[in-house]
Amino acid sequence: MIQPPTSPTVPDDLDRTLSDFFKGQLPSTWPACRATAPVEAAANVPAKSAGDVPWTSRTALAASVALVLGLGFFVSSGATNSGRPTGANGSLLSGATANGAGLLKAAGPAEKADDPMKNIPTMPIP
Amino acid sequence: MNPPTPPGPLGGGGNRGEFDALYQRHSRAVWAIAFARWLDADSAMDIAQEAFLRLWREWEAGQEIQNPRAWLLRVARNLAEDYAKSAFRRNGTSPPEQFQGVRSLEISPSEKLELVERNAKVRAILEGLPTADRDILTLKYALDYETHEIADILGIQATAVHMRLSRARQRMAERFTENGDESKP
Numbered sequence: 001m002i003q004p005p006t007s008p009t010v011p012d013d014l015d016r017t018l019s020d021f022f023k024g025q026l027p028s029t030w031p032a033c034r035a036t037a038p039v040e041a042a043a044n045v046p047a048k049s050a051g052d053v054p055w056t057s058r059t060a061l062a063a064s065v066a067l068v069l070g071l072g073f074f075v076s077s078g079a080t081n082s083g084r085p086t087g088a089n090g091s092l093l094s095g096a097t098a099n100g101a102g103l104l105k106a107a108g109p110a111e112k113a114d115d116p117m118k119n120i121p122t123m124p125i126p
Numbered sequence: 001m002n003p004p005t006p007p008g009p010l011g012g013g014g015n016r017g018e019f020d021a022l023y024q025r026h027s028r029a030v031w032a033i034a035f036a037r038w039l040d041a042d043s044a045m046d047i048a049q050e051a052f053l054r055l056w057r058e059w060e061a062g063q064e065i066q067n068p069r070a071w072l073l074r075v076a077r078n079l080a081e082d083y084a085k086s087a088f089r090r091n092g093t094s095p096p097e098q099f100q101g102v103r104s105l106e107i108s109p110s111e112k113l114e115l116v117e118r119n120a121k122v123r124a125i126l127e128g129l130p131t132a133d134r135d136i137l138t139l140k141y142a143l144d145y146e147t148h149e150i151a152d153i154l155g156i157q158a159t160a161v162h163m164r165l166s167r168a169r170q171r172m173a174e175r176f177t178e179n180g181d182e183s184k185p
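Chains as they are written, first to last, in UniProt numbering: chain Z, 1 to 126; chain W, 1 to 185.
Everything labelled a hint here was simulated from the structure, so no lab data went into it.
Fair warning: there could be bad hints in the mix.
Claimed, not checked - Here are the computed lysine to aspartate or glutamate pairs in the DMTMM-like style, where the Cα-Cα straight-line distance is at most 25 angstroms:
| no. | chain 1 | residue 1 | chain 2 | residue 2 |
| --- | --- | --- | --- | --- |
| 1 | W | Lys-112 | W | Asp-42 |
| 2 | Z | Lys-23 | W | Glu-60 |
| 3 | Z | Lys-23 | W | Glu-174 |
| 4 | Z | Lys-23 | W | Glu-127 |
| 5 | Z | Lys-23 | W | Asp-20 |
| 6 | W | Lys-85 | W | Asp-133 |
| 7 | W | Lys-85 | W | Glu-50 |
| 8 | W | Lys-112 | W | Asp-40 |
| 9 | Z | Lys-23 | W | Glu-111 |
| 10 | W | Lys-85 | W | Asp-40 |
Construct all of the structure, not just a fragment, from the sequences and the given hints.
So this is what it looks like as C-alpha cells:
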C-alpha cells in the first residue's frame, strides 16, 4: 500500500478525525437495491383475487353501511318530531285548513260591523 | 468494504442476480461520489439508488453498457447537480449540521456535544474544499479504498490522487489551525 505523503504541520490525529466523520456518515446497514427489491417482493407475494378479501373486511363494511343507514333514519325521524311546537295540542289543529284567502274572506264582514266610525257623519273642514 | 473490481460490460436482458452483484460491488463508490457533492448521507443514498434504478431500466430496455461503474458514477454526479436545483434542497426543513452525531447513541451527552461540534467543524472545512478533493477524501476515509482503487474509480493517475489527498489534508489542517480552537485534531 502506498501511503500518501504527510506534512509535519498536519496533526497526527487528522486521519482519525476524518475517518470518524466519514464513517459516521455511512449507513449502519447497507440497504438493498431498490431497483430490484420491488420485483422480488412482487414475485414472492401471491396475487390476490377478489375472493381473497378477508371476511372481517366485509363484515366491517356491512356494519358501517348499516350504521350509516340507521343513523340517517334516526336523524330523519327525530327531525319530524322536533318540527311540532312544544306544548301544542295536536287535536286543536285537526281539520284546520291553511287557506289564507278563506280566512280573509271570513274576517271581512266582521270588521265592517264593528267599525266605530260607521255612524259618524263626515263634515267638511273649514 | 467491498473493493471495486474491474468493471465489465453490462449486456441488456441479464438476470437480476448479476445486477445485484453489480450493486454490491459499486453502490458504495456511487454513494461516496454523491456524498462528496453535498455531504449529506441520506441524499447520497437516494441519489445512488436512483442511479441504479436508471441503470436497471436501461438494462431492461436492452441497452448494452460497456462500463456500468463509469455510467453509474456519471449519472450520480449529474443527479447530485440536479439535486442542487430541487425545491427540497433550497427549502429544506433543517440544516444537516443539526443531525451530526445522531447515530452515536452510546456516548454521554458531553461527548455527544463535542462530537457534534467537531463534526460540524469538519463539515464546514470540507465544504470549502473542491468537490474533486472531497471525492478522494470520501473514498479514502469512508470506504478505506487504496490509492490505486481511488485512481481507478476517478479515472486519474495514482500520483494525482496522492497530490490531491496531500493538499486536501494540508488545507484541513490549516483551517483547523486558523480556527485556533482547542478541539482541533
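Right, here's what the structure says about each hint:
Our distance criterion of 25 angstroms between C-alpha atoms is met by Lys-112(W) and Asp-42(W), whose separation comes to about 21 angstroms. Distance restraint check for Lys-23(Z) and Glu-60(W): the Cα-Cα separation of roughly 34 angstroms exceeds the 25 angstroms cut-off, and the hinted pair is therefore not satisfied. Under the criterion of a C-alpha separation no larger than 25 angstroms, the hint pairing Lys-23(Z) with Glu-174(W) is consistent with the structure, at around 22 angstroms. Between Lys-23(Z) and Glu-127(W) the CA atoms are separated by roughly 17 angstroms; this keeps the pair inside 25 angstroms, and the hint holds.
Of the pairs offered as hints, the one joining Lys-23(Z) and Asp-20(W) holds, with about 24 angstroms between alpha carbons and a cut-off of 25 angstroms not exceeded. Of the pairs offered as hints, the one joining Lys-85(W) and Asp-133(W) holds, with about 22 angstroms between alpha carbons and a cut-off of 25 angstroms not exceeded. Distance check on the hinted pair: Lys-85(W) and Glu-50(W) sit about 16 angstroms apart at the alpha-carbon level, within 25 angstroms; holds. Between Lys-112(W) and Asp-40(W) the CA atoms are separated by roughly 19 angstroms; this keeps the pair inside 25 angstroms, and the hint holds.
Straight-line distance between C-alpha atoms of Lys-23(Z) and Glu-111(W) comes to about 17 angstroms, which keeps the hinted pair within the 25 angstroms bound. Between the alpha carbons of Lys-85(W) and Asp-40(W) the distance comes to roughly 15 angstroms, so the proposed pair stays at or under 25 angstroms and holds.
Hint 2 from the list above is the single one not met by this structure.
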